[in-house]
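Take a look at the letters that make up each chain.
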Amino acid sequence: MKNARNLIAVIALAICAVFLIFSSIMMHPFGKPSDSSMDDYIISNAQNETGANNAVTSVVFDYRGFDTLGEATVLFTAVAGVIMLFRREKHE
Amino acid sequence: MIYNIPFIAVVLLILVGLATVIFKKNLIKIVIGITIIESGVNLFLITLGYRENSVAPIYTFAPSTKMVLPVPQALALTSIVIGVAVMALMLSIGVRIYRSYKTLDVRKMRRLRE
Amino acid sequence: MSEMSKIVRTISNSLFPFIMIYGLYVIMHGHLTPGGGFQGGAVVASGCALMLVAYSSEWVFKKVKESNLSVLESIGAIGFISLAFLGIGVTFFYNFLVGSNLLFGEIPPAGPNTGNLNTAGLLPLMNLSVGLKVIAGLFAIVAVMAFVASRGMRKK
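Residue numbers (my numbering), protein chains in the order written: chain Y, 5 to 96; chain E, 6 to 119; chain C, 202 to 357.
No farther apart than 20 Å at their CA atoms in a straight line, the calculated lysine to aspartate or glutamate pairs in the EDC-like style are these:
#1 Y/K36 with E/E57
#2 C/K356 with C/E259
#3 C/K266 with C/E204
#4 C/K266 with Y/E93
#5 E/K30 with E/D110
#6 E/K34 with E/D110
#7 C/K264 with C/E204
#8 E/K71 with E/E57
#9 E/K71 with Y/D39
#10 C/K207 with C/E259
#11 C/K356 with C/E204
#12 C/K356 with Y/E93
#13 C/K263 with C/E204
#14 E/K29 with E/E43
#15 Y/K6 with E/D110
#16 E/K71 with Y/D44
#17 E/K29 with E/D110
If you're looking for bench data, these hints aren't it; they were derived computationally from the structure.
Throw the hints in and build the complete structure from the sequences for me.
Okay, structure coming up:
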């Protein structure tokens, strides 16, 4: 029955909403991160170790360059998948 | 509790996206709902790294030396690019499904067809 | 998708170089101002999508063949990996151009300062490779989808 299925979906969404809102109220107060020792090191030493004025670019390309390599691979795979899906067969 | 309003906004965004995925019957609207969930998660990553009375972590013409945390911003950048790639693939698969089933209603796509 | 009127084509002809120069500025100054490879690549790709809408997508797709776009994207990817391998004497992804006086090798003074383009070692070269890869990839996705849509509408 469609009404029973809709009712179960609404109840599941309500339980999910209660969990999420309850856990977002109990988080640490907005604006006071609990532990930031790694970021303090990066902010104070990014200029003489990397030579860049932009701390975010030095994190993306120097301190965590491996994640950028994985992201470039994901972009390449997505472009290859899209072009492959739209190819015409030769016997048409 | 009044201090956590950005976190509650993120949870509302995720719930709107989740409700779209559950209750809508058009394939394109389900894809839009997945994109809304991804936007909510990116916003959550950025709000985790905020410090009070601080500026952006860039030293060119900086007003002060107290800065926000730069690592969550780098992770959110990677997440945005991966979201674009996943959305492009989902829309291409949707086009192929439309060519073979002639409809976009998810209740009518049951068996594997030629 | 047929092409648009003469007014639209003329104005997008005049606007396209400015969009490309702004995108290249965002890519090249990635180590001084907010921006970098991914953001500047998205700006240039949306400028190319403007040209795709103004002229018909079949005409653009025939002038820029699909194999040229994949060659450009592969050049960006191979350039990024070879720049990472150049410092393999110490570790993978080592920034060996900082402090030496080769290409981009100065160190900025500590604290807030006005920016100097000659700094930050290997980072502007990596920004250029990733920017080229993002431009070719996003433009290939949009052009292939528009071409397939116009062919499907033509057939009906």
